[in-house]
Structures are given as structure tokens and as C-alpha cells.
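For the protein sequence lines, the chains are V and R, in the order given.
Residues 1 to 381 (this note's numbering) make up the first sequence, in order.
Residues 1 to 290 (this note's numbering) make up the second sequence, in order.
Hints are computed from structural coordinates only; laboratory data are not their basis.
Where hints are given, some of them may not hold.
Claimed, not checked - As a list, the in silico DSSO-like pairs of lysine-lysine whose alpha-carbon atoms are at most 30 Å apart: (1) V:K161 / V:K72; (2) V:K275 / V:K231; (3) R:K62 / V:K72; (4) R:K62 / V:K335; (5) V:K216 / V:K321; (6) R:K62 / V:K216; (7) R:K62 / V:K227; (8) V:K269 / V:K205; (9) R:K62 / V:K176; (10) V:K205 / V:K216; (11) V:K378 / R:K62.
Said to hold, decoys possible - Chain R is nowhere near these chain V residues, computed Cβ spacing over 12 Å in every case: (12) V56; (13) D89; (14) R124; (15) E228; (16) P336; (17) E357.
Stated by the list, open to error - Selected chain V positions facing chain R (in silico; Cβ < 7 Å): (18) G249; (19) V265; (20) L372; (21) E376.
A virtual CB, placed ideally from N, CA and C, is assigned to each residue, including glycine.
What follows is each chain in one-letter form.
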Amino acid sequence: MISRRLFLAAAALGALAAAPLEAQVTINVVTAGDQNMVDYITDFLAPQFEKLNPGVRVRASGTGPGDAGSQKIYEKLAAQQKAGTQSWDVDVAVVHQKMAGTMVQEKLLAAYRNAIETGKLVTRDTAKRALGADVDGYVLPMFHSQTALAYNPAMVSTPPKTYDELVAWVKANPKKFGYNGIKGGMSGVAFVVGWIYAYGGMTEKLLAGPYDSNAKNAWNPSLASLKEFNKNVTLTPGNAGTLDALNRGEIAMGPVWVDMFYTWVADGKLPPTLKLQILGPGMPGQPMYYVIPAKAAQAEVAKKFVAFATSPQIQAEGIVKRFNWYPGIDAEHVKPQLDEKTWSKLFSDVTPKDLSEKGKPFPLGSYFTDILEAYERKVAN
Amino acid sequence: MSEPQAASRAPARDAGGAAPGLLLLAPALLTVVAFFLYPLGYSLAGAFRAADGAWTLANFAKSFELYSRDIVFTVAIIGLSTLLIALFSVAIGGYLTLGENRTAVAILRWLYRWPLFIPFIVAGQLMRAFLARNGMLNNALMAMDVLDPADAQSFLDWRGIVIAFVWKQTPFVALLVAGAMATLDRSTIEAARNLGAGRLRILVEIVVPQVRTTLVVGLVLSFVTMMSVLSVPLMINAQSPTMITVDMAFRINAYGDYGVANALGFLSCALTGAVAWIYLRHGIRERSRQ
């Protein structure tokens, strides 16, 4: 009895002590991706947002890189949905495309995009479709990253503009084109996916579905030609391996992530004379999305946070200038916020027009898996 | 009240001798079971399961279909590395034991252990900058006019892996071998020397046979270590075939396919198991001789 009374008293005291803090609202922002994503929220977004909204605290945490990181966020939300919890402990999440589709289908997300101002500034169709899944209204792209062909103008005067031209060029200049296969990182994977877009003859189907498990048999000729092509290329160890080889002048060109490329140039790890362009008919890129869970405890503050994070000013300052990513909202809205130098750096080699014409999404998850395994079977084996 | 108590006291007294010992052992035993044996059994069993949980050999079929070249490559690379490690560690240990130039011996003794303190991933990164076509090695050779720039080639393939493994593991085996050599009875060496044997002959015919057990143990441990390295092949070797560890990581990261990854793990367990068996048999033979 005594202990119970004590407990009650302690609880009352606790409540009293907590009362003045009730004005304090904490939102939990959970992000997939590398540590730099968490740092971006903690060091850049949170201080500014907290300043604008007194009494609000932003708590950021990361779940790790790649689709596995998004998978963890999905599992967390799905578990709370299953348990019938009324308010979930994630207010804003940053996820990859593959998981966004699943999360929308399982009703884990709130349709918030049209409720906030910056939702109208989004133009790319990645805001509507994520790897074939309908996510319209549920997501806002935080940024787009894109793969492109980096080349050294000192070694190539007229760089190939399409995969066809690249094939001819590689034949004439053996071992001067390098990429990292499919086991050493996503820039090589993106190059292979672009190859299938160019020669597999079913790009629309790969992007929009429906999935057909027999489709992969139709890729055999294009994979055979890729095997032939590989004989004259230099295979590099990893995304960074391609950039290193470009830096040392061992190769004249290779596929890279645009943001990684510019970061390396800014750090002095690559000569600024190197240039970029997207090979036609297209090379893949991907966004990451801001999403708000269906039963986020602080949904209103969460909406404010996403609106702030996708405002032209923040997209210019944080996404473009700090990370060399392409903005999540339409670049035209971001342009007035940027100085000429930053804008021309990001958009002089690859124009917004190139991006919209040749910047393709990755294929549907199942096709994506099939492409990788077909490569292992027919090209690497 | 008192009767059941008495009944329960009796067996407790019987086990009294063993109980404290078991109690002391329990945390360690539980740790081994929970964090090693259980996950090991789980992944070994996982090699024989399909995604829906049914028992199957499909994972092995796929492993052999896609990765048989990689399995052969792995064994060949590690076999070659082990051989080179044996040669170099005997050479280093031999010079430390038989070398006559004291300064050279001192320098070698100080120098050869360095790679021991460098993690594999750092070794991988070092080799990546060192062995590239326009890397440090080739640049140095070109600067010395030993190598024509047009003939420069990249060593970032199977040769790079072998170089990294040998560089990293030789000191470990050399340390064991040199220790064993230092404890040898010098009189056998002196006797051979008095009879006019050269240093190489003394090393091959007198010293190495006496430290053979230590050498084999060191090599077996190196073999098992190298089987498990992911960073070096991932960072150095871009071509296919590649090593099993890279394929395992790829199955999980790209496909979420633990089945085939486990099957590949099972195969590498089998390979290291075979080597460990040689090691154990060797140990038993030694013991029975004593």
C-alpha cells in the first residue's frame, strides 16, 4: 500500500515537473541513407526549423544506407499498424522509391502533398509514380540523384551522345571506357540498366509494368552484345574506383553519380576540367522521398517541416549547394534562389532539358532483380 | 514443511562439487551457443531452405550455376597466396635465424611485422592506390625509366588480391615461424655449418623440417582468415570471376536472397572445414608422437 501511495505521489510530481514542457513538441524524423542524410537534418534543417517554430524540437535518426534502410522504416511502421497503435512515433520519414510504393499500398502513409504549399512546385513524374507504383499525393521528392557519363575532354574531343555512339567509340578506343560492373556499386548498375533500356526494346514495360517473368529471355541478344562490349572496357573497383581511374587518366570516360562527381571536384579529388553528359536514350536516376506516416503523432508539425524542407530557398541552399543533388521540386523554382555560379555548375553540362528527356527512373523492382541476375548469368559468367 | 526440504537437500549436496564449476562456465557457454552456434546452425540450415521455408537444394544449384567459376577462383587465389606466404615467411624467419649481418637482421625484424597492425580494408585501399595502372608502383618504375608508360598495366585484378593477401598475412606466419626457429637447438645448425653446409641448405634441410608443425598451423589459420575477407576482393578486383565473399554480399544486398548467400557460406565452411581437418589430423599425429 505504502509503495503504491509513494508511486502515485511520484507520478504527480513527475506530471508537475513535466507541465512547463508541454509547450515543447518533438517531431521524429527518420531517414534511410548514409550518415550524411542524418547530418543534413540535424545540422542544417533542424536548427533553422526550430528557430522559425519556437517550442518545436527536431529529433533525427538514421536507419542505414540503401533499400535496407527504407525496409527498416517500413517494418517499424507496419509493426505499429499491426499493433493498432493510435499515434505512431515517426512523424517524417525519408525513404527510397521501392519502399514508398509498398508503404502506400499498405496504407502506411498520409496523402499530404496537396495539403502543403510546396506540393505544387513538383513537376517530375517521380512524384506520381515510384518504380511503377502509384504514389501520387503521398510523397514529395527531397532530391533527385542522376547517373551520367563523365568524360575527360583532354582525351575525348567529341564524346558519344548515345549508347550506340559509345559502342562505336569503345571499339575504336579499347580500354578507355571504364565502369564498375554490377557488384561494385550503383553507378555500374545504372549503366547496365541504361543498356537494357537502349537495347532490350521494352523500356515502357520495364518502367510501368505489368511484370512478366518471361521478359528476361528477350534481353539475351542485348546481353550478348554487352558481353562483347565488356571485352574492350576497363572494369573498375566501385563507384569511387571509376572516379579514381578518371582522375589518374587511366580511362577517358565512365558512368558516375552526378552528386558524387561534383563533390569530388569540390574536394579537389577530380580535375574540374572533367565534364558530364547523359547518354541517350537514357540513364537512370532516383529520388528520395519525404513521407508522413498515416498516424504520425505530430502530423501538423510534420507537414510544416516538409513544406520548409522543400521550399525553394532550402532546396537551393541545402540540396543543390551543399550536396550537389538535383532539387526535388522543379529546378525553375530553385533557380532564383541560387547564384549564377552554383546554378551553372549543376546545369551547364546536364541541362534541365537533358534531365527531363534522358533522366529515367529505375525499372520495376522485379525487372530490376531480373536484369541483375541476367547480367550475372549471361555477361559475367 | 521439513520433509520435502530434506529430500531436496540431498541431491543438491551430491552435485555440490560440479555446480559452482558449471555456474562459472555457464556465461561463456551461453555466449558461445547464443551468439555463435545458433547463428551458425541457422545459416547452415538456411542454405537448404527456399524462400517459403520448404527444404530444397535449389540454392546450391543456383550457386553452382552462377558462381562455380568464382568458387574455383577463390580456392586458386587463396591456395596460391598460402603457398607464397609459406615461401616468404620461411625466408624471413630463416634470415632472422641464420642471417649474419646484424644490422640487416635488426632492420628486418623491425620492419616485417608492420602489416600485422594494418586492417584488411586499409590494406585494400593502400593496394588500390599502389597497384593501379597510373598508381604509385608504376609511376615509380616509370620515373626510374624501368618501365615504358605505354607498357604500364593495372594490377587491380587477381594479382592485386594475391599481393594484398600475401603482404598482409606473411608477417603473421613469419612471426610464428621465426619464434619457433629461435627456440631450436642451435647445435644442429652449428653441426651442419661445421660440416660445410650452406645457409640455404641448412634452412631447407635442418630448420624447416623442425618447425613444420608451426608453419602448417600458421598457414591453416591464414587460409581460414583469407576465406573470410570481403574488403580486399571488393576493393581491388573489379573483374569477374571474383571471390565467394563478394557474391555472398551481392546476393544479400541486391536481392535480399539469404538462401543462395547461405549456400555459398556453406561451401566456404566446407572448404575451411577440410583445411581445419588437415590441421587437426596433423595435431593428433604430433601428440601421439610425443
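- Message: Check the hint pairing V:K378 with R:K62 against an upper bound of 30 Å on the C-alpha distance.
- Response: Between V:K378 and R:K62 the Cα gap is close to 14 Å, so the pair holds against 30 Å.
- Item | chain R contact restraint for V:L372 - C-beta distance below 7 Å | holds (5 Å)
- Message: Does V:K72 sit within 30 Å of V:K161, going by the straight-line distance between their CA atoms?
- Response: violated (39 Å)
- Message: Given V:E376 as an interface hint, is its Cβ closer than 7 Å to any Cβ of chain R?
- Response: This hint holds: V:E376 lies near chain R, its Cβ roughly 5 Å from the closest one there, short of 7 Å.
- Message: Check the hint pairing R:K62 with V:K227 against an upper bound of 30 Å on the C-alpha distance.
- Response: holds (21 Å)
- Taking the least C-beta to C-beta distance, is V:G249 closer than 7 Å to chain R? holds (6 Å)
- Item | Hinted pair R:K62 and V:K335, Cα distance within 30 Å | violated (51 Å)
- Would V:V56 pass as off the interface with chain R, using Cβ distances and a cut of 12 Å? V:V56 clear of chain R: closest Cβ-Cβ about 37 Å, beyond 12 Å.
- Holds or violated: V:K205 with V:K216, Cα cutoff 30 Å? At roughly 12 Å apart (the allowed maximum being 30 Å), V:K216 and V:K205 satisfy the hint.
- Message: Holds or violated: V:K216 and V:K321, Cα atoms, limit 30 Å.
- Response: Since the Cα atoms of V:K216 and V:K321 sit roughly 41 Å apart, the hinted pair is violated (cutoff 30 Å).
- With chain R as the partner, please determine if V:V265 meets the hint condition of a C-beta pair closer than 7 Å. violated (19 Å)
- Message: Need the status of pair R:K62, V:K216: alpha-carbon distance at most 30 Å?
- Response: holds (17 Å)
Hints 1, 4, 5, 8, 9, 19, counting from the list given before, are not met by this structure.
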